[in-house]
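Start counting the sequence shown at 288; every next residue gets the next number (the working numbering).
None of these hints come from the bench; they were simulated from the model.
As the structure is a prediction and not an experimental result, all values here were calculated from the model.
Careful: at least some of the hints might be erroneous.
Said to hold, decoys possible - So the derived label-pair ranges between C-beta atoms look like this: (1) 339 / 310: 35 to 43 Å; (2) 351 / 414: 29 to 37 Å; (3) 413 / 355: 15 to 23 Å.
The beta-carbon is built from N, C-alpha and C at its ideal position, and this holds for glycine as well.
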Amino acid sequence: MSDASVWLTLRFQELVTQVQSAPEADLTVDLSLPVSADALARDLLRHAPPSPLEIERAIERVEDAVMPARARLPAALRLQTDDARLRALVGAASAARADAPVWLDIDTVEQIFNRLVARAQGRPASQDPLPVDGPSAARLVIVRELLHHWRLDGLRLTA
């Protein structure tokens with residue numbers, strides 16, 4: 288991505304997932320995706336770890352929300368979030384420091400997602416300490432689908 292990319296902030300709210308530009312940005316973006324981590328956890332990702340079918344249904348719901356939204360965003364964009372639960376998930380999945388910004392490239396997100404799937408398929412918690420509760424899994428699914436369908440190379444986790 289070029290330096291001309293617009294930085295957008297991802298916020299997980301109770302009823303929606305919000306994507307917004309900074310108040311001082313040249314281009315104003317304020318997009319509410321009709322999917323939330325809380326709703327995914329409550330409605331679909333009910334088990335810890337979620338079942339493979341629960342994960343697949345969550346992916347479908349997120350895809351339905353994020354795919355049409357891409358057309359309403361600038362061509363060149365980057366995504367960041369300061370979400371504490373996502374940071375805890377990444378911290379448990381890697382050696383990332385809790386007090387420093389972390390760049391999560393799409394391959395790293397996919398590796399973490401594959402670990403969630405392995406837990407869903409029966410890998411014991413003793414072999415992988417990855418948080419697999421509904422809200423954590425929902426955030427991971429949302430981020431993964433945003434990166435894939437919006438063709439982004441990663442996400443910055445701010446401190």
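Comparing the hints with the structure gives:
1. For residue 339 and residue 310, the Cβ-Cβ distance of about 41 Å falls inside the hinted range of 35 to 43 Å, so the restraint holds.
2. Taken as a hint, the range 29 to 37 Å holds for the pair residue 351 and residue 414, whose Cβ atoms sit roughly 33 Å apart.
3. The given range of 15 to 23 Å is broken by residue 413 and residue 355, whose C-beta atoms sit roughly 41 Å from each other.
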